[in-house]
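Residue numbers (the UniProt record's numbering), protein chains in the order written: chain C, 1 to 259; chain S, 1 to 317.
These aren't lab readings, by the way, just hints derived from the structure by calculation.
By construction, the Cβ of each residue, glycine as well, lies at the ideal position given by its N, Cα and C atoms.
Errors might be hidden in some of the hints.
[Claimed, not checked] Result set (BS3-like, lysine-lysine): computed pairs, CA atoms no more than 30 Å apart in a straight line:
1) LYS240/C with LYS3/C
2) LYS248/C with LYS118/C
3) LYS222/S with LYS118/C
4) LYS140/C with LYS138/S
5) LYS3/C with LYS65/C
6) LYS118/C with LYS240/C
[What the hints assert, rightly or not] Not close to chain S: a few residues of chain C, all C-beta gaps over 10 Å, as computed:
7) ASN11
8) VAL56
9) ASP82
10) ARG93
11) THR122
12) THR185
13) GLU216
Listed here are the chains, written in short residue letters.
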Amino acid sequence: MAKRIEVSDLNIYYGNFLAVEGVNVSIEPRSITALIGPSGCGKSTFLRSINRMHEVLPGARVEGKVVMDGQDLYGSDVDPVDVRRQIGMVFQRPNPFPTMSIYDNVIAGNRLNNKRMKRAETDELVERSLRGANLWNEVKDRLDRPGSGLSGGQQQRLCIARAIAVEPDVLLMDEPCSALDPISTLAIEDLMTELKERFTIVIVTHNMQQAARVSEQTGFFNLNGVGQPGRLIEFNPTEKIFSNPDEKATEDYISGRFG
Amino acid sequence: MTVTKAPTEPPAQQRTIRRPGDRIFAGAARGSGIFILLVLAGVAAFLISEAIPAFTASSEEIPGGEGLGDYVWPLIAGTLLGAVIALLVATPLAVGIALYVTYYAPRRIATALGYVIDLLAAIPSVVYGFWGLAVLAKQLVPFHEWLDDTLGFIPFFAGPASTTGRTMLTVGLVLAVMILPIISAIAREVFGQAPALHREAALALGATRWEMIRMAVLPYGKSGVIAGAMLGLGRALGETMAVAIILSGGAGATLNVISNSSPSTIASNIALRFPEATGLGVNTLIASGLVLFVITLAVNMLARWVVNRRADFSGAN
Numbered sequence: 001m002a003k004r005i006e007v008s009d010l011n012i013y014y015g016n017f018l019a020v021e022g023v024n025v026s027i028e029p030r031s032i033t034a035l036i037g038p039s040g041c042g043k044s045t046f047l048r049s050i051n052r053m054h055e056v057l058p059g060a061r062v063e064g065k066v067v068m069d070g071q072d073l074y075g076s077d078v079d080p081v082d083v084r085r086q087i088g089m090v091f092q093r094p095n096p097f098p099t100m101s102i103y104d105n106v107i108a109g110n111r112l113n114n115k116r117m118k119r120a121e122t123d124e125l126v127e128r129s130l131r132g133a134n135l136w137n138e139v140k141d142r143l144d145r146p147g148s149g150l151s152g153g154q155q156q157r158l159c160i161a162r163a164i165a166v167e168p169d170v171l172l173m174d175e176p177c178s179a180l181d182p183i184s185t186l187a188i189e190d191l192m193t194e195l196k197e198r199f200t201i202v203i204v205t206h207n208m209q210q211a212a213r214v215s216e217q218t219g220f221f222n223l224n225g226v227g228q229p230g231r232l233i234e235f236n237p238t239e240k241i242f243s244n245p246d247e248k249a250t251e252d253y254i255s256g257r258f259g
Numbered sequence: 001m002t003v004t005k006a007p008t009e010p011p012a013q014q015r016t017i018r019r020p021g022d023r024i025f026a027g028a029a030r031g032s033g034i035f036i037l038l039v040l041a042g043v044a045a046f047l048i049s050e051a052i053p054a055f056t057a058s059s060e061e062i063p064g065g066e067g068l069g070d071y072v073w074p075l076i077a078g079t080l081l082g083a084v085i086a087l088l089v090a091t092p093l094a095v096g097i098a099l100y101v102t103y104y105a106p107r108r109i110a111t112a113l114g115y116v117i118d119l120l121a122a123i124p125s126v127v128y129g130f131w132g133l134a135v136l137a138k139q140l141v142p143f144h145e146w147l148d149d150t151l152g153f154i155p156f157f158a159g160p161a162s163t164t165g166r167t168m169l170t171v172g173l174v175l176a177v178m179i180l181p182i183i184s185a186i187a188r189e190v191f192g193q194a195p196a197l198h199r200e201a202a203l204a205l206g207a208t209r210w211e212m213i214r215m216a217v218l219p220y221g222k223s224g225v226i227a228g229a230m231l232g233l234g235r236a237l238g239e240t241m242a243v244a245i246i247l248s249g250g251a252g253a254t255l256n257v258i259s260n261s262s263p264s265t266i267a268s269n270i271a272l273r274f275p276e277a278t279g280l281g282v283n284t285l286i287a288s289g290l291v292l293f294v295i296t297l298a299v300n301m302l303a304r305w306v307v308n309r310r311a312d313f314s315g316a317n
């Protein structure tokens, strides 16, 4: 279940461009870790490097290590497809498959794993996942309808249900609430607090109140200038980051003096 | 100076402001829409009015002396058979090409391949006809014999296998090459537009590239592929020169696609007979043209229906 992630000396490249440099961090299991920082500082790139999603772009590569409970995710014998089956991801814009029903969306990941499942088992899994995403009561009467007919907040919770249905070890969230209204945002935040009992959660957010509300640990990313690589400036307990940060740059950013 | 009162207009009536640009554009668009309907109606009216004498004539007067039904039926069979072979061969191939170009090939190869395939569409059909007759037909003779030997129990391959290769099978394969660029161009276009959002959703769930294509690309592109296949089918149904050159034609309706006695197609039959046709012969040919027109219309409506059946799930909303 929830696993610890150790990142050491991680450099992330797009072709010859060094996008993120020298990240060292340890992400605790059963907790929420927030990543904040100005746009373009590499926090999303770093997040996507944890489940090797950044490799979707040709030329993307890393140096350094990402180790999940002793397993090197960038080992030469590791298939990125397997990594992504262990580390789920929720995106900025809700992206349920428009050609699938709500039901099929939830079990899309399980179908990939080629497990033969009995109808009763999938029914049970769908209900459990949708309940886990606090969506069951809203959609239980229209599971056969397309997921694209739901509201934005419901769609995002459907995506969370889809991600947790495969029982990943880690859940990555890339600005999951930035396209949602405050009420839907609150629903997702409550959900995250429930989910951290079972998963390791890493969230990228532009909303500093959100980071302060939900996370135990916070990492602040910054870059010195355009074309420079992004760096992890400070990584500390959230309380410390928002009250008494070690770095001047962190304090400037969270107090709104730049960025 | 007299004070002129402002024209009184009922305040409740809110008039939308009509800008000249909007009006011109709306007019032009509406005009184009009406124009195409008029052309279609004109063609239909011509076909119907010219075909009526053939429908009302007694069966002895129709060329062949067996009546209009007996005259047109083998041609319908030939037309459909050739087009269906072409579609069955070309559609999977075109989908494969389109997927390779959009998701597998390195960019440089993909662009080059795209040009080459588009070039296929620019070759005149008479060239395809000669190629089919002079090259492909001879090459396919052993294939015909093999089909006869191994699959002869299926009515389509009942034989006797042609020794010249000038058969409906050859015609179908030539037509497949001709419609390949149409289908693959449209498939390429729709596959390329499958949203990155959904492709990433699939990959993040641990999909391999093929699984990503199956989850996020093919369902999204399905209606486009069907539309492309229908355009291709339209060309295959109406193709004249290539069929006329390859087929000797003239036999009755048969499902057998590998024998010499394949019936011709409607379009090629019209092209071959029209120069020498007189009187009721002309009306008969036009009546067969009307049948082709109706078949094409029906096929297109069927395709529309198939596409719209699951409109909720199309991804367009």
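Consistency of the hints with the structure:
1. For the suggested pair LYS240/C and LYS3/C, the alpha carbons sit about 24 Å apart, so the restraint of at most 30 Å is met.
2. Proximity of LYS248/C to LYS118/C is assessed by CA-CA distance (about 57 Å); at most 30 Å being required, the pair is judged violated.
3. A C-alpha spacing of about 28 Å is found between LYS222/S and LYS118/C, which places the hinted pair at or below 30 Å, so the restraint holds.
4. The suggested pairing of LYS140/C with LYS138/S is violated, with an alpha-carbon distance near 63 Å, which exceeds 30 Å.
5. A distance of roughly 16 Å separates the Cα atoms of LYS3/C and LYS65/C; the hinted pair therefore holds under the 30 Å criterion.
6. Between the alpha carbons of LYS118/C and LYS240/C the distance comes to roughly 49 Å, so the proposed pair goes past 30 Å and is violated.
7. Distance check for ASN11/C against chain S: the nearest CB is about 23 Å away, which clears 10 Å, and the non-interface claim stands.
8. A cut-off of 10 Å between C-beta atoms contradicts the statement that VAL56/C is not in contact with chain S; the least separation is 6 Å.
9. For ASP82/C, the condition that its CB be more than 10 Å from all CB atoms of chain S is violated, with the nearest at approximately 7 Å.
10. Listed as a non-interface residue, ARG93/C fails to keep its Cβ farther than 10 Å from every Cβ of chain S; the least gap is roughly 6 Å.
11. With a least CB separation of 16 Å from chain S, THR122/C remains clear of the 10 Å interface cut-off, as annotated.
12. The Cβ of THR185/C lies farther than 10 Å from every Cβ of chain S, with a closest approach of about 20 Å, so its non-interface assignment holds.
13. Under the 10 Å C-beta cut-off, the non-interface status given to GLU216/C relative to chain S holds; the minimum distance is some 24 Å.
Violation of the numbered hints given earlier is confined to hints 2, 4, 6, 8, 9 and 10; the remaining hints are satisfied by the structure.
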